[in-house]
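J.: Given next are the chains, with one letter for each unit.
Number of protein chains: 2
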Amino acid sequence: MLIDGKNTAAQIKAEIAAEVATMVANGQKRPHLAAILVGHDGGSETYVAHKVKACEECGFTSTLLRYEDDVTEAELLQAIDRLNADNDVDGFIVQLPLPRHISEQRIIEAIDYRKDVDGFHPINVGRMSIGLPCFLSATPAGIMTLLERYDIPTRGARCVVLGRSNIVGKPVATLMMQKATPGNATVTVCHSATPDIKDICREADIIIAALGSPGFVTADLIKPGAVIIDVGTTRVPDATRKSGFRLRGDVDFDNVEPLCSWITPVPGGVGPMTIVSLMKNTLLAARHDIYPA
Amino acid sequence: MLIDGKNTAAQIKAEIAAEVATMVANGQKRPHLAAILVGHDGGSETYVAHKVKACEECGFTSTLLRYEDDVTEAELLQAIDRLNADNDVDGFIVQLPLPRHISEQRIIEAIDYRKDVDGFHPINVGRMSIGLPCFLSATPAGIMTLLERYDIPTRGARCVVLGRSNIVGKPVATLMMQKATPGNATVTVCHSATPDIKDICREADIIIAALGSPGFVTADLIKPGAVIIDVGTTRVPDATRKSGFRLRGDVDFDNVEPLCSWITPVPGGVGPMTIVSLMKNTLLAARHDIYPA
Numbered sequence: 000m001l002i003d004g005k006n007t008a009a010q011i012k013a014e015i016a017a018e019v020a021t022m023v024a025n026g027q028k029r030p031h032l033a034a035i036l037v038g039h040d041g042g043s044e045t046y047v048a049h050k051v052k053a054c055e056e057c058g059f060t061s062t063l064l065r066y067e068d069d070v071t072e073a074e075l076l077q078a079i080d081r082l083n084a085d086n087d088v089d090g091f092i093v094q095l096p097l098p099r100h101i102s103e104q105r106i107i108e109a110i111d112y113r114k115d116v117d118g119f120h121p122i123n124v125g126r127m128s129i130g131l132p133c134f135l136s137a138t139p140a141g142i143m144t145l146l147e148r149y150d151i152p153t154r155g156a157r158c159v160v161l162g163r164s165n166i167v168g169k170p171v172a173t174l175m176m177q178k179a180t181p182g183n184a185t186v187t188v189c190h191s192a193t194p195d196i197k198d199i200c201r202e203a204d205i206i207i208a209a210l211g212s213p214g215f216v217t218a219d220l221i222k223p224g225a226v227i228i229d230v231g232t233t234r235v236p237d238a239t240r241k242s243g244f245r246l247r248g249d250v251d252f253d254n255v256e257p258l259c260s261w262i263t264p265v266p267g268g269v270g271p272m273t274i275v276s277l278m279k280n281t282l283l284a285a286r287h288d289i290y291p292a
Numbered sequence: 000m001l002i003d004g005k006n007t008a009a010q011i012k013a014e015i016a017a018e019v020a021t022m023v024a025n026g027q028k029r030p031h032l033a034a035i036l037v038g039h040d041g042g043s044e045t046y047v048a049h050k051v052k053a054c055e056e057c058g059f060t061s062t063l064l065r066y067e068d069d070v071t072e073a074e075l076l077q078a079i080d081r082l083n084a085d086n087d088v089d090g091f092i093v094q095l096p097l098p099r100h101i102s103e104q105r106i107i108e109a110i111d112y113r114k115d116v117d118g119f120h121p122i123n124v125g126r127m128s129i130g131l132p133c134f135l136s137a138t139p140a141g142i143m144t145l146l147e148r149y150d151i152p153t154r155g156a157r158c159v160v161l162g163r164s165n166i167v168g169k170p171v172a173t174l175m176m177q178k179a180t181p182g183n184a185t186v187t188v189c190h191s192a193t194p195d196i197k198d199i200c201r202e203a204d205i206i207i208a209a210l211g212s213p214g215f216v217t218a219d220l221i222k223p224g225a226v227i228i229d230v231g232t233t234r235v236p237d238a239t240r241k242s243g244f245r246l247r248g249d250v251d252f253d254n255v256e257p258l259c260s261w262i263t264p265v266p267g268g269v270g271p272m273t274i275v276s277l278m279k280n281t282l283l284a285a286r287h288d289i290y291p292a
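Chains A and B, in that order, give the protein sequences.
Just so you know, numbering that gives the first Met the number 0 puts the end of the first sequence at 292, numbered straight through with nothing missing.
Just so you know, numbering that gives the first Met the number 0 puts the end of the second sequence at 292, numbered straight through with nothing missing.
Honestly, the hints are just simulated from the structure, not real lab data.
Fair warning: there could be bad hints in the mix.
[As the list claims (entries may be wrong)] List time: in silico SDA-like cross-link candidates among lysine to any residue, alpha-carbon distance up to 25 Å:
#1 A:Lys197 / B:Asn165
#2 A:Lys178 / A:Gly214
#3 B:Lys222 / A:Arg105
#4 B:Lys52 / B:Ala13
#5 B:Lys178 / A:Lys28
#6 B:Lys5 / A:Phe215
#7 B:Lys197 / A:Asp204
#8 B:Lys178 / A:Gly211
#9 B:Lys197 / B:Lys241
#10 A:Lys197 / B:Pro194
#11 A:Lys178 / B:Lys241
#12 B:Lys197 / A:Ala179
#13 A:Lys28 / A:Ile11
#14 A:Lys197 / B:Ala179
#15 A:Lys197 / B:Asp198
#16 B:Lys197 / A:Asp195
#17 B:Lys5 / B:Lys197
#18 B:Lys222 / A:Pro152
#19 B:Lys178 / A:Pro96
#20 B:Lys178 / A:Ile11
#21 A:Lys178 / B:Phe215
#22 A:Lys178 / B:Pro264
#23 B:Lys178 / A:Gly130
#24 A:Lys178 / B:Lys52
#25 B:Lys178 / A:Pro152
#26 A:Lys178 / B:His100
#27 B:Lys222 / A:Lys28
#28 B:Lys241 / B:Ala218
#29 B:Lys178 / A:Ser102
[Stated by the list, open to error] Simulated DEER-style distance windows between Cβ atoms:
#30 A:Met0 / B:Pro236: 35 to 41 Å
#31 B:Val23 / A:Gly155: 26 to 32 Å
#32 B:Thr180 / A:Lys52: 53 to 59 Å
A virtual CB, placed ideally from N, CA and C, is assigned to each residue, including glycine.
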């Protein structure tokens, strides 16, 4: 059956909007998310546009700061300092990737971790790993929320994570093994150095595919009844689309879907949940739920 | 064959001592490790005594600050502030566990992460997870050093980690999956909610056992030729010993040893390496190799 991320995200945005309405009615300020966008990368433009739209739907204030590709690292660091100091801004993100002359790591570490609603700052990564309250990075958090809202059993399940990136593979593996619900799964992380990745997939009750390899997870890798979470979003050329491309996931959806119990589509699965997790973190930041004011 | 942690640790301490001698000959100050010990727990006393002795062997200055069991959290936090501010102290540890009226997490987070040579501060945990330079927590680092010094192949190996603690299971899993040597393994983390833990062990090329369950890893769980790293150190009563106890690992050593290619004994395996990793971190702190002065 389909795990409808778009619909779940819409529900959660409505829940957040209701909460914001109450906050505002009680005289509190609206949550405020700022985003820094550098350059004109098509993917980044789209993501940021979606985030701005999600802010509107949630009743948040949003600010978009745009810089050209030739912005210096020093200029960006100054912009970050200003956002760190701006009491009206509850949280902000710097849309990645950045031009090569700028150190993404330096930029991420310059963000006040109490406003790091992307959850990329080492303090938030470390706190997540230890199991302390923190801003969870958006994609892993979105996956956990889908599992929770669809009541998918994870305790004791064999969970195979494909990919070991800092923003998806490693954190979602940590969350899935944590003593929590959802969580408590037996997690195996596969990656480019895994020789028998297909055999390992065949034993999985849950596959979380985050390789960025379109159609990698084929029907012959699926244990019947498995749960498939597809994090892949590769743009592949498609002449029939106005944009000239479409998004393809890591899963061969058409052939896998009949075999599994639950599956996320691409698009409309994990993607919308990623954005909604960012909204949730912004709400948590505005309420000072994670870190005191 | 035996992975001789005691001997490897002795070698590394000699290497560190040689380096310290050069530093001192060049007019630099000796590295200085401080330790805070609360109460009179037998295990903690022993560990701290070993650490003080290791400091001597490495040519480090060491300071031991002792507090009684009824020390307040505020007093400990003040002691930590003084160590944070003390320019002669390069790194320090607070020996765990602490009395129940003190928040271990609050204590850990009060330590300046640039002096956190135990690697328990969220910043160091997060940086390790991301793959950035940091103080690696001592036991996982000791395990990686043993694998490195014994030239044990890990790339593409199936590595099963038993236990998901913050100080061993989770960080060693992260290090073993990292794109590095040693590392690049396909890691599965098993824990109390894993139903088929024995079957999973049977597929392992490398087992890292950190359950604290004496003799859990029996011969029938071993794939012939596997590498066995035993992190368990449970004190079991032993009337034949002066101390009244002996240390038992998580592995049924006598029956497992003939089947595997490499195995760490308990004691004399991971334990001495844990202490030597702390010494290495202290040296790195004194040289400001991880974080600038």
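J.: Compare the structure with each hint and give your call.
T.: These are the hints, each one checked on the structure:
This hinted pair does not check out: Lys197 (chain A) and Asn165 (chain B) have alpha carbons roughly 30 Å apart, beyond 25 Å. Simply put, Lys178 (chain A) and Gly214 (chain A) have alpha-carbon atoms about 32 Å apart, too far for the 25 Å limit, and the pair is violated. This hinted pair does not check out: Lys222 (chain B) and Arg105 (chain A) have alpha carbons roughly 45 Å apart, beyond 25 Å. With a C-alpha separation of about 13 Å, the suggested pair Lys52 (chain B) and Ala13 (chain B) falls inside the 25 Å cut-off, and the hint holds.
Proximity of Lys178 (chain B) to Lys28 (chain A) is assessed by CA-CA distance (about 45 Å); at most 25 Å being required, the pair is judged violated. This hinted pair does not check out: Lys5 (chain B) and Phe215 (chain A) have alpha carbons roughly 46 Å apart, beyond 25 Å. With a CA separation close to 18 Å, the supplied pair Lys197 (chain B) and Asp204 (chain A) stays within the 25 Å bound. Between Lys178 (chain B) and Gly211 (chain A), the direct Cα distance comes to roughly 17 Å. Compliance with the 25 Å bound is thereby established for this hinted pair.
Annotation: proposed proximity of Lys197 (chain B) to Lys241 (chain B) is violated, straight-line Cα distance about 36 Å (limit 25 Å). Of the supplied pair hints, the one linking Lys197 (chain A) and Pro194 (chain B) holds, its CA atoms being roughly 22 Å apart against a limit of 25 Å. Taken as a hint, the Lys178 (chain A) and Lys241 (chain B) pair is broken in the structure, with Cα atoms around 39 Å apart against an allowance of 25 Å. Straight-line distance between C-alpha atoms of Lys197 (chain B) and Ala179 (chain A) comes to about 23 Å, which keeps the hinted pair within the 25 Å bound.
The hinted pair formed by Lys28 (chain A) and Ile11 (chain A) meets the criterion: a straight-line CA distance of about 20 Å does not exceed 25 Å. With a CA separation close to 23 Å, the supplied pair Lys197 (chain A) and Ala179 (chain B) stays within the 25 Å bound. The hinted pair formed by Lys197 (chain A) and Asp198 (chain B) meets the criterion: a straight-line CA distance of about 18 Å does not exceed 25 Å. For the proposed pair Lys197 (chain B) and Asp195 (chain A), the alpha carbon gap of about 20 Å is at most 25 Å, so the pair holds.
Taking the CA atoms of Lys5 (chain B) and Lys197 (chain B), the gap is near 29 Å; set against the 25 Å cutoff, the hint is violated. Between Lys222 (chain B) and Pro152 (chain A) the alpha-carbon distance is near 30 Å, which puts this suggested pair outside the 25 Å criterion. With a CA separation close to 21 Å, the supplied pair Lys178 (chain B) and Pro96 (chain A) stays within the 25 Å bound. Under the criterion of a C-alpha separation no larger than 25 Å, the hint pairing Lys178 (chain B) with Ile11 (chain A) is inconsistent with the structure, at around 36 Å.
Simply put, Lys178 (chain A) and Phe215 (chain B) have alpha-carbon atoms about 21 Å apart, close enough for the 25 Å limit, and the pair holds. With a CA separation close to 30 Å, the supplied pair Lys178 (chain A) and Pro264 (chain B) exceeds the 25 Å bound. Between Lys178 (chain B) and Gly130 (chain A), the direct Cα distance comes to roughly 24 Å. Compliance with the 25 Å bound is thereby established for this hinted pair. Using a Cα cut-off of 25 Å, the hinted pair Lys178 (chain A) and Lys52 (chain B) is violated, with the two alpha carbons roughly 37 Å apart.
Under the criterion of a C-alpha separation no larger than 25 Å, the hint pairing Lys178 (chain B) with Pro152 (chain A) is inconsistent with the structure, at around 31 Å. Taken as a hint, the Lys178 (chain A) and His100 (chain B) pair is honoured in the structure, with Cα atoms around 24 Å apart against an allowance of 25 Å. Between Lys222 (chain B) and Lys28 (chain A) the alpha-carbon distance is near 61 Å, which puts this suggested pair outside the 25 Å criterion. The suggested pairing of Lys241 (chain B) with Ala218 (chain B) is violated, with an alpha-carbon distance near 30 Å, which exceeds 25 Å.
For the suggested pair Lys178 (chain B) and Ser102 (chain A), the alpha carbons sit about 20 Å apart, so the restraint of at most 25 Å is met. Our hint of 35 to 41 Å for Met0 (chain A) and Pro236 (chain B) is violated, since their Cβ atoms are close to 55 Å apart. For Val23 (chain B) and Gly155 (chain A), the hinted distance range of 26 to 32 Å is not satisfied, since their beta carbons lie about 55 Å from each other. Our hint of 53 to 59 Å for Thr180 (chain B) and Lys52 (chain A) is violated, since their Cβ atoms are close to 45 Å apart.
Checked against the numbered hints above, the structure breaks hints 1, 2, 3, 5, 6, 9, 11, 17, 18, 20, 22, 24, 25, 27, 28, 30, 31 and 32 and satisfies the rest.
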